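**Q** Sequence:
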Amino acid sequence: MSSPLTPDGPNKLTSHPPGSMRELWKISFPLMLSLMSVSLMLFLDRLFLSRYSLDALNASANGGVLVQFMQFWCISTVSIAEVFVGRYNGARKIEKLGQPVWQMIWLSLASVFWFVPLGLWAGPYFFHEDAHYLLEIDYFKYLMCFGPMAALSGALSAFYIGQGQVKFVTCVMGISNLINIGLDMVFIFGWEPIVPSMGIKGAALATGIAQTSQALILGCNFLNARNRKEKGTGRWHFNKRLFRKSLSIGLPNAVAHTLELMAWVIIFHLMTKLGSDYITVVTVAQSIFFLFTFMTEGVSKGATAIAANFFGSQQQDLVWKLLKSGLKLYLFVFLFLGLILVWNPDPLIRLFLAHDMVLSPATQSTLHAACFWVWLFFLFDGINWLLIGLLTAAGDTRFIMKVGGAGPWLVALLPIYLFVFKWGAPANITWMLIAFYGMASSAIYLWRFKSEKWKEVALA
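Position 205 of the sequence shown, counting from 1, maps to 205 under the working numbering, and the rest follow consecutively.
Honestly, the hints are just simulated from the structure, not real lab data.
Nothing here was measured: the structure is a model prediction, and the numbers come from that model.
From the three backbone atoms N, C-alpha and C, an ideal C-beta is built for every residue, glycine too.
Incorrect hints may appear among the rest.
No farther apart than 20 Å at their CA atoms in a straight line, the calculated lysine to any residue pairs in the SDA-like style are these [what the hints assert, rightly or not]: (1) Lys402 to Ala440; (2) Lys167 to Ser39; (3) Lys402 to His257; (4) Lys201 to Leu42.
Okay, the calculated beta carbon distance ranges per label pair [stated by the list, open to error]: (5) Ala91 to His128: 47 to 55 Å; (6) Pro117 to Thr283: 31 to 39 Å; (7) Gly234 to Asp130: 45 to 53 Å; (8) Trp423 to Leu54: 33 to 41 Å; (9) Trp423 to Arg235: 58 to 66 Å; (10) Ala131 to Gly234: 48 to 56 Å.
Full structure from sequences and hints, please.
**A** Next comes the structure, spelled out in structure tokens:
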């Protein structure tokens, strides 16, 4: 699975020209599938629970959102190891590839002291008002106790992504999904008399065991004899300098994305207070957008891996070529989505509505307008994620923290609160303002990238 070494140059991640659209696609597409499989795991949990109990389904939705929020900062931080792996790989310092991964493995293991106490004792404080709060507490408790395994998988995946070995990660994710499906059926509904029906607790256990199996497969391959000999994966010692450097790059990214996530949660919470039409329009548009986010995140992680290799091999100028390739790729996807979201959005809208639900002409018109703004936001959000991936590879994450942390609050949440919540603008204006936020933030990131101040950031 190793990338071939050229005798007179850096490691090549693919057989395609460095920085080309074909190279970006070859690295990003398996990552898209991996991200899809993460969403699929949660979707299948809810699908099985919907056949078991409506209360269990609702509890999993409420409890699952909080678990994802709690896990997000840690997974985002440990994943930064892919930047260091990519740089070492590009510089042909193959014997050092395991060192940054081990630093994040230690952080993942230390997260036990965050996840387990919260899982065991914090549930009653978060869930106490809903009719099915006991189910929410159960789901939250078991998933949180498996939180370190999710973080460990993120750290180990970085070892492969940084080298462009993304197909292996995708295969492992597929295996863990199959394990989750099998265990869901057994644990949720039971297999009498051997296994009793456990309902929502069974769903959480199935997901946790699947995440653990994923970490075990990645870890066993990480520690195989060849990797220990050639790539230094047996060098497990704590390196204070490298650990601190990893945190200095990874934590700002995690803070930015966490603050952004909080802003979106508040925005959609505000919409639930404005009546059924607002809820319908915003929820359907949100669901449509989330349906395609795996593309933007996959391209972002692919761009990070490729750019990190360029920085390691002192080929910074190729990053500009990579940016142009990413922009072309998004343009093609953007035009394709236009057929779905603008030309004829009704079939997609109907997927998210009950079969017997009849929309008023006004609501339908508002939904069509919202789909247009979602389409526009997808383009600019994709550009944002592409640039964030490139700036992350450069180590310029403090700038990302400033823009990504403050931007959604000032340019999206505040105008939406004023125009929609206070002054009663139509629901589609929410997505128009979100699209405007996407334009503004992409302009800021493009300015930062064009200034090349990221070249001043040095990663040892």
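**Q** Now tell me if each hint is right for this structure.
**A** Evaluation of the provided hints:
Between the alpha carbons of Lys402 and Ala440 the distance comes to roughly 14 Å, so the proposed pair stays at or under 20 Å and holds. At roughly 18 Å between alpha-carbon atoms, Lys167 and Ser39 fall within 20 Å of each other, so this suggested pair holds. Note on Lys402 and His257: the hinted pairing holds, with a Cα-Cα distance of about 11 Å set against a maximum of 20 Å. This hinted pair checks out: Lys201 and Leu42 have alpha carbons roughly 14 Å apart, not beyond 20 Å.
For Ala91 and His128, the Cβ-Cβ distance of about 53 Å falls inside the hinted range of 47 to 55 Å, so the restraint holds. For the hinted restraint 31 to 39 Å between Pro117 and Thr283, the CB-CB distance of approximately 34 Å keeps it satisfied. About 49 Å separates the C-beta atoms of Gly234 and Asp130, a value consistent with the hinted range of 45 to 53 Å. Between Trp423 and Leu54 the beta carbon distance is about 37 Å. The supplied range of 33 to 41 Å therefore holds.
As the Cβ distance of Trp423 to Arg235 is approximately 60 Å, the hint placing it in 58 to 66 Å holds. Range check, Ala131 to Gly234: Cβ separation about 52 Å, and the 48 to 56 Å hint holds.
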